[in-house]
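*Asks:* So the sequences go chain by chain: A and B. Position 45 of the first sequence, counted from 1, bears residue number 45 in my numbering, the numbering being contiguous throughout. Position 63 of the second sequence, counted from 1, bears residue number 63 in my numbering, the numbering being contiguous throughout.
If you're looking for bench data, these hints aren't it; they were derived computationally from the structure. Just so you know, these numbers come straight off a predicted model, no measurement behind them.
Now the in silico label distances, taken between C-beta atoms and shown as ranges:
#1 A:V60 / B:V13: 32 to 40 Å
#2 A:K80 / B:T58: 42 to 50 Å
#3 B:S70 / A:S20: 39 to 47 Å
#4 A:L83 / B:P14: 38 to 46 Å
#5 B:D39 / A:Q13: 21 to 29 Å
Backbone N, C-alpha and C define an ideal beta-carbon position, used for all residues, glycine too.
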Amino acid sequence: SQTIHQWPATLVQPVGSPLSLECTVEGTSNPNLYWYRQAAGRGLQLLFYSVGIGQISSEVPQNLSASRPQDRQFILSSKKLLLSDSGFYLCAWSINTQYFGPGTRLTVL
Amino acid sequence: KQEVTQIPAALSVPEGENLVLNCSFTDSAIYNLQWFRQDPGKGLTSLLLIQSSQREQTSGRLNASLDKSSGRSTLYIAASQPGDSATYLCAVLHGSSNTGKLIFGQGTTLQVKP
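Bound conformation, chain B alone (with noise of 0.2 Å):
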């Protein structure tokens, strides 16, 4: 069974501080891995998509890598703003297919203090 796991679970740094979230999974059988943002009470983002054949995807000051043999990504934010303050959340499409049933981690708190 797939198992998504995120570290930390809450985060709280300076704004400007360059910042890694992480991202692991038991099964390296995926199709993809997404990076969601979510806004409390509000529904989710999608801020990057890397294909299991891919090793990084970056947006502005986003990247995220993959490391699918041993089951880990993650989201590095460079110069971190308080804009930057929300839940960020790993999933990953599980099985060979794009069958669209993703499993998500439990998500990264993160806040960005002025």
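For reference, chain A alone in the conformation it holds in the complex (with noise of 0.2 Å):
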């Protein structure tokens, strides 16, 4: 069976600190992957997609980035972090129906 496994589960980070959200799924090949943020307050927003090695398409302007350097691992990644970055990211792949990830509670302060 499928699973998909996002660490660390809560992280809290200085302001102009890097970041790296790590998401691997297990139990399937070539799967179309994507990250989501559900800040405080509004709904969840698609930030990133992909739908293969090295294939990512940005969903809003905005100060992350997100990488696929293998079929079953998407990182999403900052320079610097800023406040408005708080929020809780999840990460989700496809076939047919997408299938969420548990979450990385990020707090950045």
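The two chains are supplied separately, each in an independent frame; assemble them into the complex guided by the hints.
*Replies:* Okay, here's the thing in structure tokens:
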């Protein structure tokens, strides 16, 4: 069966520090992969999606970037965090329907 | 631009009640519509997926309907239980193919009181 992992589960970072969130999927090949952010009081917003290794599409201009170095690995990064980057980050994979990971709670202070 | 709206934002009911959650979308050109459940601080769990050619889907006590022409979907929960307490999110896959880009509503937070 397929499983999706995200780490870390929670993270507290100072403004201006770098960020790396990791998402890995097991039990499937060549899935579409997605990064979403859920900010306080706001709905889920799609940040990036990838249809294959090295193929990244950005949905909104922002302080973040994404990479897919391996088929089942998706990484969300930032060189310098902003306060507005705080939120709950969810990774998802899909073949037909989307399956979500457990999420990472990021607090930028 | 596709927009998804969910009403009400919050709902509190006594155990055993049947209830309806509403979702509306502005552009009827959708590939499918999904209902998700999110427990506090957790990821999303897919409940039901309705393809654009379908009218409804059922799973246990849950029934979701889709009226694409009017841009509406409802999630019906029968005989609600305290374990149903969670936030319910509606999302549409916009466009004519399975591009996977879901557009979410803001959710309805449900509390079922024992």
